[in-house]
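Chemist: Listed here are the chains, written in short residue letters.
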Amino acid sequence: MEPGVKSLLAAAAMQRLVAIRLLHSLLVLLIVSIGSFALMRYTPGDPVAALIGQQARLMSPEDLAVIRRNLGLDDPVHVQYGLWLRNALQGDLGYSLGLKRPVTGVIAERIGPSFTLIGISLVLSIVLGVSFGVLSAVRRNTAFDHAVTVGSFIGNSMPQVWVGLMLVFLFAIKLRWFPAGGMVTLGSSGGGLGDRLEHLVLPVTTLTLTNLVVWTRYQRASLLEVLGQDYIRVARAKGLGERTVLLRHAWRNSLLSVVTLLGNSFVFLVEGAYIVETIFSWPGLGRLGVEAILKRDYPLVMGVAILSSLFIISGNLLADLAYGALNPRLRSR
Amino acid sequence: MTTTDDDREAGPTGPRGRLGRDLTDAGLGPAFDRRQVIRLAGGLGAALMAVPGLGSGAAQAAGGNRMAAVYAAIQEGQPGGTLIAAIPFDLWSIYNPLIGQSDAFIFDQLWRFDPNLVPIPRLAESYEVSEDRTVYTIRLVQNATWHDGQPLTAHDVVFTWQTMLKPDVNFPYKFALQVNGQDIQAEAVDDHTVKLTLPAPSAALIAHLTAPWIFSVAPKHLLEGEDPETSSFNTQPIGSGPFKFEEQVDGDHQTLVRYDAYFGGAPLLDELITRPITDLQARLAAFQAGEIDVNTREEDVIATEQFAATEGSTPYILPTPYVQQFTMNNADPVFADPIVRKAIAHALDRAAMVRTVVGDETYVALSVMGPGHWAYNPDVPAYEFDPEKAKSMLDQAGWAVGSGSIREKDGVRLSFVNQPWRDFERNYAPLIQQYLKAVGIEMKIETVPDYATVQEIRQSGKAQSLFFGSIDYEPGELHQYFHSSQMPPTGLNLWQYSNSEVDQLLEEGNQEIDVEKRKPIYARIQELILGECATIPLHVHLNNVIVRTDRVGGYPEPTGNWLGVLLAAPTQVYKKQ
Numbered sequence: 001m002e003p004g005v006k007s008l009l010a011a012a013a014m015q016r017l018v019a020i021r022l023l024h025s026l027l028v029l030l031i032v033s034i035g036s037f038a039l040m041r042y043t044p045g046d047p048v049a050a051l052i053g054q055q056a057r058l059m060s061p062e063d064l065a066v067i068r069r070n071l072g073l074d075d076p077v078h079v080q081y082g083l084w085l086r087n088a089l090q091g092d093l094g095y096s097l098g099l100k101r102p103v104t105g106v107i108a109e110r111i112g113p114s115f116t117l118i119g120i121s122l123v124l125s126i127v128l129g130v131s132f133g134v135l136s137a138v139r140r141n142t143a144f145d146h147a148v149t150v151g152s153f154i155g156n157s158m159p160q161v162w163v164g165l166m167l168v169f170l171f172a173i174k175l176r177w178f179p180a181g182g183m184v185t186l187g188s189s190g191g192g193l194g195d196r197l198e199h200l201v202l203p204v205t206t207l208t209l210t211n212l213v214v215w216t217r218y219q220r221a222s223l224l225e226v227l228g229q230d231y232i233r234v235a236r237a238k239g240l241g242e243r244t245v246l247l248r249h250a251w252r253n254s255l256l257s258v259v260t261l262l263g264n265s266f267v268f269l270v271e272g273a274y275i276v277e278t279i280f281s282w283p284g285l286g287r288l289g290v291e292a293i294l295k296r297d298y299p300l301v302m303g304v305a306i307l308s309s310l311f312i313i314s315g316n317l318l319a320d321l322a323y324g325a326l327n328p329r330l331r332s333r
Numbered sequence: 001m002t003t004t005d006d007d008r009e010a011g012p013t014g015p016r017g018r019l020g021r022d023l024t025d026a027g028l029g030p031a032f033d034r035r036q037v038i039r040l041a042g043g044l045g046a047a048l049m050a051v052p053g054l055g056s057g058a059a060q061a062a063g064g065n066r067m068a069a070v071y072a073a074i075q076e077g078q079p080g081g082t083l084i085a086a087i088p089f090d091l092w093s094i095y096n097p098l099i100g101q102s103d104a105f106i107f108d109q110l111w112r113f114d115p116n117l118v119p120i121p122r123l124a125e126s127y128e129v130s131e132d133r134t135v136y137t138i139r140l141v142q143n144a145t146w147h148d149g150q151p152l153t154a155h156d157v158v159f160t161w162q163t164m165l166k167p168d169v170n171f172p173y174k175f176a177l178q179v180n181g182q183d184i185q186a187e188a189v190d191d192h193t194v195k196l197t198l199p200a201p202s203a204a205l206i207a208h209l210t211a212p213w214i215f216s217v218a219p220k221h222l223l224e225g226e227d228p229e230t231s232s233f234n235t236q237p238i239g240s241g242p243f244k245f246e247e248q249v250d251g252d253h254q255t256l257v258r259y260d261a262y263f264g265g266a267p268l269l270d271e272l273i274t275r276p277i278t279d280l281q282a283r284l285a286a287f288q289a290g291e292i293d294v295n296t297r298e299e300d301v302i303a304t305e306q307f308a309a310t311e312g313s314t315p316y317i318l319p320t321p322y323v324q325q326f327t328m329n330n331a332d333p334v335f336a337d338p339i340v341r342k343a344i345a346h347a348l349d350r351a352a353m354v355r356t357v358v359g360d361e362t363y364v365a366l367s368v369m370g371p372g373h374w375a376y377n378p379d380v381p382a383y384e385f386d387p388e389k390a391k392s393m394l395d396q397a398g399w400a401v402g403s404g405s406i407r408e409k410d411g412v413r414l415s416f417v418n419q420p421w422r423d424f425e426r427n428y429a430p431l432i433q434q435y436l437k438a439v440g441i442e443m444k445i446e447t448v449p450d451y452a453t454v455q456e457i458r459q460s461g462k463a464q465s466l467f468f469g470s471i472d473y474e475p476g477e478l479h480q481y482f483h484s485s486q487m488p489p490t491g492l493n494l495w496q497y498s499n500s501e502v503d504q505l506l507e508e509g510n511q512e513i514d515v516e517k518r519k520p521i522y523a524r525i526q527e528l529i530l531g532e533c534a535t536i537p538l539h540v541h542l543n544n545v546i547v548r549t550d551r552v553g554g555y556p557e558p559t560g561n562w563l564g565v566l567l568a569a570p571t572q573v574y575k576k577q
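Protein chains in written order, with the working numbering: chain P, 1 to 333; chain R, 1 to 577.
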């Protein structure tokens, strides 16, 4: 086959892959929306009762009934879902019952802080994890390798809550190097870039430490496996430099199994973000979602659920695409 | 890990405690001394002292010297500075009194509670009540202004009143502006006089109007014709209170700045920043790291002492009128017999329970309201801890020990379910279970995840036993909880208590507006409710505050109540420069 035709075919295959994946994603989103909607509605309690809240302030049942009716909560569930879906398809996720603002606006405010945490942490985990993994595999059975192995074993066994609290204790309370929480120093002194970076250090470290070790272990194991393959021996026998063997042949192929971790990593980070946001009083999506569930703020719960699934789906999509791009067999099929 | 309003992580875990000692070792300051914890069990009246910076002598002065002490603090205080306060729950996202979202800083009320929960004038300079107690003529101060400079007038008050009562406006406290379900009419007599016409006398009216979350005045010139649910006012509120709204980042902080033209005198502080930190460990860490000047609304002595171990801080333990109780469903066959309820009360060592859960048995509650309230009656039947007496009472009433060591009578087993959800309830439940087991009563614990769930169970009227609290500020609230007309599913008498004498007294209490005449009415109500052991008081709810007194002055004690206010006198607090 002509090389031109081959690449054209590859491109078409890639497009088809993307199209199918996108279709799958939409279906998943629909199922998630129905599932979350049903789950919330059949969970005991309703948002108006939660209004009274833990403050246990006195309200009259008649007043609450009026509010319930005004909010359309008396309608049948399928009617409410239909309404929600119709609006959602037009980009309107409704009004938060507790916060009394458009859900899209509330979420937009929280996306920034959450994605800053998750984004920085993801990049750091991949870069550091892959580097440690490669170095560790190449220098197998050296002191460095042992240190990495033991380190990642310990890292993997430490709960995020504990890591976070220990970092706060050590670096915020004892040494006073970094702030214990929040995004900026409040009052007149805070708000600069340096100040914002300082506030990022501990939460990002907490989130990264636990994620990083997974990447390290994966990369190390995968590279070691590839290095034992025949074609590596062939490449070396051909007289290729060790650098070329390692980077062009071995590492690239080892990435095939490493990129599949991307999908899992997104899930892990979304989960972890909630814990980290709570410890460091970080105004992110994880805390918002949990708060919304406790308050039975249906539209807000739906918004956060849809966004989180979208995020996780795109993580998997990204992993699929990266896998496709790296794997020639998948490309030409 | 939960992040609900009043929920908190229990237990003395985490990186605390040692810090105070380490600082001492390093010669940086004195270790925390338990004696520094100012115990104010005498209630709110006595609680209103201890202005920091005045020396221990003044700090221990009686409540009568309060004004002098506050005055001295003001003189000592320098204007300026930023105060950062922490609260354990999320802030309102928006502000609009018309839909029940207001506070006592940005907005102002007609009255404000004094430390004994007696309403004192704020926007309302004075008021007169007609002979038949159905017409209130309220005179407003002349010099109050909105933060945009417009004068605050009677038309604002009337607009606020009428809008809140509209059926399509989601104001959740309409009941406070009604009597027996009928609207109270408001009209402006002139620019500074409001006339309220009541369908029938109401004792609680002024108290309801004093609660900042119920009736804060909203500006007519900015909100007329706006949809209160979606108005742009909600995120940039203009109030008339001592502080102006500056900005709010949800889940992170809110910044208020001084309103120089406040009619009651401008605050000393430049800025008041509030940080909502829902997690106890995170709050503690921020306080220990010096990022918080005032930590508010800690509910137990155990956590309060953890905070107070930070150098330079002073804890204030503040009992409230609110009493946490353990209540049994009177309509349930298990509890229909008052002997069973009384035996349960005798079986519980409440002093030990409160010591374990709250950290100090001083706060064991005797009645359905706390000792700080004017209507409090301490001379109610008490049920001392006496398991043998509990057993013999049950024996005599015919509850014989049956299978599995559980008592039974006429086919009814002395076994019931409890659904604890807040941390303190989850701490109480196993203790109660053990004490009851010892006298042959079984309590099964079914933990529920959150308030919304437990509320649904309770409102069905089928909850067998439950934890509940009363009262916020007004003894008339007892009507909702103990009057026989308030049964579930619509009412809040979830324990289905019914007593015709109590019903009658509650109605009388709601119509009598003279406090001195109301006192004996509520004293008798408490006596009757406790006499039948309709509920078992556990502890007086605490609303503790820990202040970095090395940095903050003029702190005259917050009122220990669920008022949603951080400070009782926000204008007098200052930052030491």
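The set of hints was computed from the structure by calculation and includes no laboratory data. Note that the Cβ used here is the ideal one computed from N, Cα and C, for glycine as well. Treat the hints loosely; a few may be bogus.
[Said to hold, decoys possible] Which residues of chain P face chain R? A few of them, derived with a C-beta cut under 10 Å, are:
id : residue
1  : Gly35
2  : Phe37
3  : Arg41
4  : Ala49
5  : Ala88
6  : Gly91
7  : Gly94
8  : Arg101
9  : Phe169
10 : Ala172
11 : Gly181
12 : Thr278
13 : Arg296
14 : Tyr323
[Stated by the list, open to error] Far from chain P by the CB rule (all over 12 Å, computed), these chain R residues:
id : residue
15 : Gly81
16 : Asp132
17 : Lys174
18 : Gln254
19 : Thr274
20 : Asp279
21 : Gln288
22 : Asp337
23 : Pro338
24 : Ala351
25 : Gln396
Chemist: Next step is simple, just say for each hint if it's right about the structure.
Modeler: Okay, the hints, checked on the actual structure:
| no. | hint | result |
| --- | --- | --- |
| 1 | Gly35 | violated (19 Å) |
| 2 | Phe37 | violated (16 Å) |
| 3 | Arg41 | violated (12 Å) |
| 4 | Ala49 | holds (5 Å) |
| 5 | Ala88 | violated (19 Å) |
| 6 | Gly91 | violated (17 Å) |
| 7 | Gly94 | violated (12 Å) |
| 8 | Arg101 | holds (6 Å) |
| 9 | Phe169 | holds (3 Å) |
| 10 | Ala172 | holds (5 Å) |
| 11 | Gly181 | holds (5 Å) |
| 12 | Thr278 | holds (5 Å) |
| 13 | Arg296 | holds (5 Å) |
| 14 | Tyr323 | violated (35 Å) |
| 15 | Gly81 | violated (9 Å) |
| 16 | Asp132 | holds (25 Å) |
| 17 | Lys174 | violated (5 Å) |
| 18 | Gln254 | violated (10 Å) |
| 19 | Thr274 | violated (9 Å) |
| 20 | Asp279 | violated (5 Å) |
| 21 | Gln288 | violated (5 Å) |
| 22 | Asp337 | holds (29 Å) |
| 23 | Pro338 | holds (26 Å) |
| 24 | Ala351 | holds (25 Å) |
| 25 | Gln396 | holds (37 Å) |
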